[in-house]
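Undergrad: Hey, can you work out the whole structure from these sequences and the hints?
Protein chains: 2
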Amino acid sequence: MANTDSVSVRIFSLNCWGIHYLSKHCSQRYAMIGDMLCKEEHDIVLLQEVWSEKDYLFLKKKLACSHPHSHYFKSGVIGSGLAIFSKPRIHDTFLYRYSLNGYPYMAHHGDWFGGKAVGMAVFKLGSLIANVYVTHLHAEYCREKDSYLPHRVVQAWELQQFICHTSAGADVVILGGDLNMHPQDLGSRLLRSYTGLRDSYLETAKFDGCENGMTLIANNPFINKRELSPFENGIRIDYILFKGSSKTEIYCDSMSTTKGSVPDHPFPYSDHEALTSELRLESHTPPEIGRDTQSKDQDSAAGKVAKLVDIVTEARTEVKVGLHWAERMRYTAARTGVMGLALLFLELAIAAVPWLALGAEQPFPRTSFYLLAALCFAILLITSLLYIFYTMELKSLQGAEDQMRLAVGSLQEKLRGFPLAQPHKAMRRPPEGQEPSAFDPVE
Amino acid sequence: MANTDSVSVRIFSLNCWGIHYLSKHCSQRYAMIGDMLCKEEHDIVLLQEVWSEKDYLFLKKKLACSHPHSHYFKSGVIGSGLAIFSKPRIHDTFLYRYSLNGYPYMAHHGDWFGGKAVGMAVFKLGSLIANVYVTHLHAEYCREKDSYLPHRVVQAWELQQFICHTSAGADVVILGGDLNMHPQDLGSRLLRSYTGLRDSYLETAKFDGCENGMTLIANNPFINKRELSPFENGIRIDYILFKGSSKTEIYCDSMSTTKGSVPDHPFPYSDHEALTSELRLESHTPPEIGRDTQSKDQDSAAGKVAKLVDIVTEARTEVKVGLHWAERMRYTAARTGVMGLALLFLELAIAAVPWLALGAEQPFPRTSFYLLAALCFAILLITSLLYIFYTMELKSLQGAEDQMRLAVGSLQEKLRGFPLAQPHKAMRRPPEGQEPSAFDPVE
Numbered sequence: 001m002a003n004t005d006s007v008s009v010r011i012f013s014l015n016c017w018g019i020h021y022l023s024k025h026c027s028q029r030y031a032m033i034g035d036m037l038c039k040e041e042h043d044i045v046l047l048q049e050v051w052s053e054k055d056y057l058f059l060k061k062k063l064a065c066s067h068p069h070s071h072y073f074k075s076g077v078i079g080s081g082l083a084i085f086s087k088p089r090i091h092d093t094f095l096y097r098y099s100l101n102g103y104p105y106m107a108h109h110g111d112w113f114g115g116k117a118v119g120m121a122v123f124k125l126g127s128l129i130a131n132v133y134v135t136h137l138h139a140e141y142c143r144e145k146d147s148y149l150p151h152r153v154v155q156a157w158e159l160q161q162f163i164c165h166t167s168a169g170a171d172v173v174i175l176g177g178d179l180n181m182h183p184q185d186l187g188s189r190l191l192r193s194y195t196g197l198r199d200s201y202l203e204t205a206k207f208d209g210c211e212n213g214m215t216l217i218a219n220n221p222f223i224n225k226r227e228l229s230p231f232e233n234g235i236r237i238d239y240i241l242f243k244g245s246s247k248t249e250i251y252c253d254s255m256s257t258t259k260g261s262v263p264d265h266p267f268p269y270s271d272h273e274a275l276t277s278e279l280r281l282e283s284h285t286p287p288e289i290g291r292d293t294q295s296k297d298q299d300s301a302a303g304k305v306a307k308l309v310d311i312v313t314e315a316r317t318e319v320k321v322g323l324h325w326a327e328r329m330r331y332t333a334a335r336t337g338v339m340g341l342a343l344l345f346l347e348l349a350i351a352a353v354p355w356l357a358l359g360a361e362q363p364f365p366r367t368s369f370y371l372l373a374a375l376c377f378a379i380l381l382i383t384s385l386l387y388i389f390y391t392m393e394l395k396s397l398q399g400a401e402d403q404m405r406l407a408v409g410s411l412q413e414k415l416r417g418f419p420l421a422q423p424h425k426a427m428r429r430p431p432e433g434q435e436p437s438a439f440d441p442v443e
Numbered sequence: 001m002a003n004t005d006s007v008s009v010r011i012f013s014l015n016c017w018g019i020h021y022l023s024k025h026c027s028q029r030y031a032m033i034g035d036m037l038c039k040e041e042h043d044i045v046l047l048q049e050v051w052s053e054k055d056y057l058f059l060k061k062k063l064a065c066s067h068p069h070s071h072y073f074k075s076g077v078i079g080s081g082l083a084i085f086s087k088p089r090i091h092d093t094f095l096y097r098y099s100l101n102g103y104p105y106m107a108h109h110g111d112w113f114g115g116k117a118v119g120m121a122v123f124k125l126g127s128l129i130a131n132v133y134v135t136h137l138h139a140e141y142c143r144e145k146d147s148y149l150p151h152r153v154v155q156a157w158e159l160q161q162f163i164c165h166t167s168a169g170a171d172v173v174i175l176g177g178d179l180n181m182h183p184q185d186l187g188s189r190l191l192r193s194y195t196g197l198r199d200s201y202l203e204t205a206k207f208d209g210c211e212n213g214m215t216l217i218a219n220n221p222f223i224n225k226r227e228l229s230p231f232e233n234g235i236r237i238d239y240i241l242f243k244g245s246s247k248t249e250i251y252c253d254s255m256s257t258t259k260g261s262v263p264d265h266p267f268p269y270s271d272h273e274a275l276t277s278e279l280r281l282e283s284h285t286p287p288e289i290g291r292d293t294q295s296k297d298q299d300s301a302a303g304k305v306a307k308l309v310d311i312v313t314e315a316r317t318e319v320k321v322g323l324h325w326a327e328r329m330r331y332t333a334a335r336t337g338v339m340g341l342a343l344l345f346l347e348l349a350i351a352a353v354p355w356l357a358l359g360a361e362q363p364f365p366r367t368s369f370y371l372l373a374a375l376c377f378a379i380l381l382i383t384s385l386l387y388i389f390y391t392m393e394l395k396s397l398q399g400a401e402d403q404m405r406l407a408v409g410s411l412q413e414k415l416r417g418f419p420l421a422q423p424h425k426a427m428r429r430p431p432e433g434q435e436p437s438a439f440d441p442v443e
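Those protein sequences? They're chains F and G, same order as listed.
Note that full-length UniProt numbering gives residue 305 to position 305 of the first sequence, counting from 1, and the numbers run on in steps of one.
Note that full-length UniProt numbering gives residue 319 to position 319 of the second sequence, counting from 1, and the numbers run on in steps of one.
Incorrect hints may appear among the rest.
[Claimed, not checked] Here are the simulated DMTMM-like cross-link-like pairs (lysine to aspartate or glutamate), alpha carbons at most 25 Å apart as the crow flies:
1. Lys39(G) with Asp264(G)
2. Lys124(G) with Asp299(F)
3. Lys62(G) with Asp299(F)
4. Lys60(G) with Glu227(G)
5. Lys259(G) with Asp199(G)
6. Lys61(F) with Asp402(G)
7. Lys320(G) with Glu53(F)
8. Lys87(F) with Asp35(F)
9. Lys87(G) with Glu413(F)
10. Lys320(F) with Asp402(F)
11. Lys87(G) with Asp402(F)
No wet-lab data here; the hints were simulated from the structure.
As the structure is a computational prediction, the values presented were derived from the model and not from experiment.
TA: Encoded structure:
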């Protein structure tokens, strides 16, 4: 194994909490973030919740010298909120919008309007091709009764699909962002197991930051401590994940988080803590695989596949819960719509033939007539829109469930093939430029 | 160059025109399609406009013996309409929903409700990994005044992005479907130039089918001849495209289309003609590239990149036309909304203080009051929804335009680098497993 190249990259990730008029000290915080990024000169900066394009343009101007390249991913009504600033050139970008992302009528949560997505940018770091992803998944507003869980699980599923399918040509894969999932949550496990991505916090040689790598902490003055309950000290929901390939080893030399305050400033950069990871990429010629290593690899791969089957099955169950809920909601919308229509017909019948119902001497009071008609029309319109929306939600959930069923089938087929496949393994074409991960579409 | 493997695959593609109650003889045609597919036993069948899941399940049951594997891609309100049936196992699937797809209020065109998308399925053909894509782009209703052109161009852009980014690990790439674009339309050129996909009809050794490979022909009894004008005989808008990789050569041995009628049946399978391509895949070890070949390759690659810059610039112009239109429509929606609000306030003011406006002896007539109020509310609601919709359209168009600008920048950088890059070319890592195409994200 002869090392031919070694490159260091410093990756930064921060959820900027950039909701003007709602987030506190928004403009001042952007000025602070800009100053800090200018000074720190990270190689690649991944930002989330940059909801206003004006703020992106403010940062772009401020970082023109330190980070000449940038991209703002646009999506939904108010944008995906995702932005990338970088020292190396961005060669290509691609955006995948998640098919599910909350409900438009939950306007106080606002996730639907954000058009959550995963953005990809292609860089060349030294001689290596790096696919860098930035994402922000649906928020968790109530852990005990999390009605958005099926949506977040589907987002995690689509995120792993997007990364697996788009990273075959990359030497290095880096994902940063606010996943809104704890490390052991279903979506986190699904994402890490499928993609083979490793967690900076768990892999780092040196760590300087909040206890347990937490990124939403009680010490942050913007955090409402009651909302963190039962996790009094805080939670870890922001990540920098990475993986190499058969041609590239990747190490995390150090990692740090901010600690809820910024020296010489009255408040922190955001309600989330910022993450910085220093990654070292080493390209090498792939080692020759001996028989023994191969057999050991296969055992561990079989274990990984079995674990993956369990995780995907768990995810399918969660999606099915979402399916039942969406079906029930669609049924309720349909039933309410039919009732509104019946009421309208009844009203029209009474108004048209008053002598039948109420006698000619008592016509339908006009005020009530118009109010009732307006109410009926409003019910019909709203229930129609809801019916269309729930149908789309159902299609997306069914689609994800179908894909998961197919994936479980493929994984089980693979699992059955493990003892038999051994002699053929040398002939099988390894996934292009990838580290052996549990995900491998063909066998 | 030592051939190690040769595999033949027969690919079938058909737009099934499966709109129950609107398309003629829908159920009978599905029965005919099922019989034909059962008999013909193509390896991979790519269907579009299978709008009803019941029809998919009908075909799935009918093809259980000939095509044991299948997948139905779900999206939008009534589904993406895309289905795959195959003899080889489907190992993995992935769906990308286009960010733009017409307007929900153009219900008579219906494209928006279809949730147009591109579906991907991963197969193993012999020892080769094949990524097979099926898609259906937005229809063209009026060629002279095609208000959907920017949407279709963005769809073609996203389609090429999706194929380029997801096919790096594949030995073979096959795309089938109804692109709703003529061979020389902007979107077709964009797609073919970027991805390097080749057209079955142009590459085939043997052809049996309609004149000029047309797939929407005047001879088809379901076709309204006036709608074809000015192309009296027909147009070619359905395609089977393919490409190999550095490890795989791919040839089209024969191609055929149906000819507007089916023997022993009173009507054809659909309003579109069906396509069948017989592809031969030959895997080999990549040849050693000599200095001379390299230099010649570079010249031709430079030409391709220059052409690509022109095409992307043309696409950007088209997207900008769409941007202006969407901005104007959003402005109109906002202005109408404000007028509705002003009318409502005026009405409330008159009703609240009648003695000011009309004198105490003439109160606001109740009937008019409620009718006017209902009208104002309806205006406000509709313009709000339209404003949200046009904002989302604008974001998607701006996003595509940003990506195109970045792509042009990258391509121009590459073009400038051509004479200089020559000595370094051997050091550059070629795109994984791909044929040299004009698209290459890094330089």
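Undergrad: Hints numbered earlier in the text: which of these fail when held up against the supplied structure?
TA: Failing hints, ascending: 3 and 4.
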